[in-house]
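Enquirer: Going line by line, the protein sequences match chains C and P. Take the first sequence: its position 17, counted from the start at 1, is 17 in the working numbering, and no numbers get skipped. Take the second sequence: its position 3, counted from the start at 1, is 3 in the working numbering, and no numbers get skipped.
I should point out that these hints are in silico values taken from the structure, not numbers from a laboratory. Check before you lean on any hint, since a few could be wrong.
[What the hints assert, rightly or not] Residues from chain P that keep clear of chain C, each with C-beta distances beyond 10 angstroms, as calculated:
hint : residue
1    : S7
2    : T15
3    : E22
4    : V24
5    : D26
6    : R44
7    : G63
8    : S65
9    : E72
10   : I77
11   : E79
12   : S87
13   : E101
14   : T113
[Said to hold, decoys possible] Some, not all, of what chain P presents toward chain C, calculated at C-beta under 8 angstroms:
hint : residue
15   : V12
16   : L45
17   : P61
18   : G99
19   : F104
20   : P106
[What the hints assert, rightly or not] Here are a few chain C residues that sit away from chain P, every Cβ distance over 10 angstroms (derived from the structure):
hint : residue
21   : L54
22   : L78
23   : T99
24   : V108
None of the values given here were measured: they were computed from a predicted structure. Heads up, the beta-carbon is just placed ideally off N, CA and C, and yes, glycines get one too.
Letter by letter, the chains look like this.
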Amino acid sequence: GQSLEQPSEVTAVEGAIVQINCTYQTSGFYGLSWYQQHDGGAPTFLSYNALDGLEETGRFSSFLSRSDSYGYLLLQELQMKDSASYFCAGITSGYSTLTFGKGTMLLVSP
Amino acid sequence: DVKVTQSSRYLVKRTGEKVFLECVQDMDHENMFWYRQDPGLGLRLIYFSYDVKMKEKGDIPEGYSVSREKKERFSLILESASTNQTSMYLCASIPDTRGAEQYFGPGTRLTVT
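Next up, chain C with everything else stripped away, as it sits in the complex:
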């Protein structure tokens, strides 16, 4: 089976940097994605790592280490609007199916 573990909640202040970790156990793994979901909204795609290393997209970066079965999402220059739930998700089949972690709620305070 597949499972992805991430912290349930993280708090930080505006302007800070926060890292959300994700460890996974899965047989058959194509890559790791990250999604953001605001309360009451739909998940939106943030990033994808197919290979080991760092991917940067503006204030957000994502990292993957296949040898450690570990990835993280790094959010810089935090803003209040970044308060949301963040999900790591493993692509676990050739049909691009996703297995999601349970989500990390990020609370950004002034």
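Assemble the complex: chain C is given as a structure, and chain P must be docked to it using the hints.
Expert: Here is chain P on its own, set in the frame of chain C:
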């Protein structure tokens, strides 16, 4: 912009009813997915489809079926709704299997009483 729409934002049904949840995408995407989201459990895959009339079970297919008669439309069917199917249901699509970004609809919050 890619648009994925779902037929209802909120739905209340009675135990034993047959329930249809509709999802439509307007970008000619090949693959479509149905998830349910419950507090503390994240999103779990119910069924997916990679082509018209093709369907595959996800992680939690019990109590559900799906239909994909046209490429743009993917329906989730609860044959006999039960209270443990009260949940948020999210539809998603992706252009093809080479892509990583899934596009989600706004969700249908279903309550079964």
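Enquirer: Next, verify each hint and record whether it holds.
Expert: Status of the hints after comparison with the structure:
{"no.": "1", "hint": "S7", "result": "holds (15 angstroms)"}
{"no.": "2", "hint": "T15", "result": "holds (26 angstroms)"}
{"no.": "3", "hint": "E22", "result": "holds (16 angstroms)"}
{"no.": "4", "hint": "V24", "result": "holds (14 angstroms)"}
{"no.": "5", "hint": "D26", "result": "holds (15 angstroms)"}
{"no.": "6", "hint": "R44", "result": "violated (7 angstroms)"}
{"no.": "7", "hint": "G63", "result": "holds (19 angstroms)"}
{"no.": "8", "hint": "S65", "result": "holds (18 angstroms)"}
{"no.": "9", "hint": "E72", "result": "holds (18 angstroms)"}
{"no.": "10", "hint": "I77", "result": "holds (20 angstroms)"}
{"no.": "11", "hint": "E79", "result": "holds (23 angstroms)"}
{"no.": "12", "hint": "S87", "result": "holds (14 angstroms)"}
{"no.": "13", "hint": "E101", "result": "violated (4 angstroms)"}
{"no.": "14", "hint": "T113", "result": "holds (22 angstroms)"}
{"no.": "15", "hint": "V12", "result": "violated (18 angstroms)"}
{"no.": "16", "hint": "L45", "result": "holds (6 angstroms)"}
{"no.": "17", "hint": "P61", "result": "violated (12 angstroms)"}
{"no.": "18", "hint": "G99", "result": "holds (6 angstroms)"}
{"no.": "19", "hint": "F104", "result": "holds (4 angstroms)"}
{"no.": "20", "hint": "P106", "result": "holds (5 angstroms)"}
{"no.": "21", "hint": "L54", "result": "holds (16 angstroms)"}
{"no.": "22", "hint": "L78", "result": "holds (23 angstroms)"}
{"no.": "23", "hint": "T99", "result": "violated (7 angstroms)"}
{"no.": "24", "hint": "V108", "result": "holds (21 angstroms)"}
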